[in-house]
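Residue numbers (the working numbering), protein chains in the order written: chain A, 263 to 477; chain B, 263 to 477.
Some hints could be false.
One copy or two, either will do: identical chains are not told apart, so a pair holds if it fits within one copy or between any two.
[Unchecked claim] Below, a list of computed lysine-lysine pairs in the BS3-like style, where the Cα atoms sit at most 30 Å apart:
1) Lys322 to Lys362
2) Lys268 to Lys416
3) Lys446 to Lys391
4) Lys391 to Lys362
5) Lys391 to Lys342
6) Lys416 to Lys342
7) Lys362 to Lys342
8) Lys416 to Lys362
9) Lys446 to Lys278
10) Lys278 to Lys342
11) Lys278 to Lys268
12) Lys446 to Lys322
Please keep in mind that the hints were generated in silico from the structure rather than gathered at the bench. No experiment lies behind these values; they were computed from the predicted model shown.
Number of protein chains: 2
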Amino acid sequence: VVLLFKDDATAFNRQKFGTIDGKGPMNLRISVRILAEMERAGIPTHVVRVLSERELLVRKVQIVQLEVVVRNIVAGTFAKRYGIDEGRVLERPLVELFWKDDAHGDPLVNDDAAQLLGLATADEVVAIKALALRVNEVLRGFFGERGIDLVDFKVEFGRASDGRLLLADEISPDSCRLWDRGTKQKLDKDRFRRDLGGVEEAYQEVLRRVEEPIA
Amino acid sequence: VVLLFKDDATAFNRQKFGTIDGKGPMNLRISVRILAEMERAGIPTHVVRVLSERELLVRKVQIVQLEVVVRNIVAGTFAKRYGIDEGRVLERPLVELFWKDDAHGDPLVNDDAAQLLGLATADEVVAIKALALRVNEVLRGFFGERGIDLVDFKVEFGRASDGRLLLADEISPDSCRLWDRGTKQKLDKDRFRRDLGGVEEAYQEVLRRVEEPIA
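Just chain A, with the same shape it has in the complex (with noise of 0.2 Å):
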């Protein structure tokens, strides 16, 4: 399967639409240098070869229909929903499972519900939940070293056609909140969400200090 980057940017359940330049192939360049560091970490994922700028081949997987959630710090729909301050930092990392049906907003599932909807097995959910909590150790020592603070991310698992968990997602400022460690400022789809301006900018600031190398 052949995953297209494009530049389209969505956001609140696809409420709000609009561009972001380069986009795409910035994108692109981070998910790949991001996920090649999970593989060497242990973590398999769908990644075959980059064939373009835009375009990435990966394997074809059943995917999980849960948005897999890890927390590091309280920011978006979790300071929302339970009204905390964004910024007050979690005691330890939290796994939240949503379940991934627009139509009804991608509702919050504990881990029984989602096993009773049919989402996933239970030994699934243990195993998404323990992945997603090494992905966040791997991505939080990352982007540590690059001076960014990993606020929160969302990945998605999908099923390989010998039943293991591949994580099957792009992880890119799409998909995670990162805040500058010094100035706090944040180098994420928020920019474009809350419009702050400067998202390309952002964006571009991320893939500079992923692919940069670390002394």
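Starting from the known structure of chain A, fit chain B onto it as the hints suggest.
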């Protein structure tokens, strides 16, 4: 502490107000009968003794800030949240935890969030879910013998001074969805919530069946 059973009825996070004539004394009698059944089944409750037709003396506890919902059949907010038809029988009972927080509409929390939000310890979450499922088992049997399907119910738990968790709530047609097994008629607060009429009669019918000796 003295619990006062009033005739006031509220719904939809207190957006709907009303009165159900004679509800207080009926709910007190229903609750007392059912909570005695729980004690017999080994589930500790806060009940001490009845003081009057509207007053119940209970042990003072620190209420855990969770609304614990157990569902056997799809209805209410679960049906709405996930877009599933009311009446679908779940493969097994589902426990859902909601943060008792009117200002934010009692939002759903998963088990990890309940801990991270400081609502309960990891051990308490496990114990509360196990107790809730045990309550469900006893309650389902009790209503089943009386020709009533237990669709779902909400309970709260409290920490006694010795740290033990007690069932610390009423159990009545205010907090349970009860459907007549034969006619599927609703015998609970949904008659009030949805303006179905026959509200008092439904509570009377539940009281009658709850107090009637079983052959």
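Hint by hint, which ones does this structure get wrong, listed from lowest number up?
Result: hint 12 breaks, nothing else.
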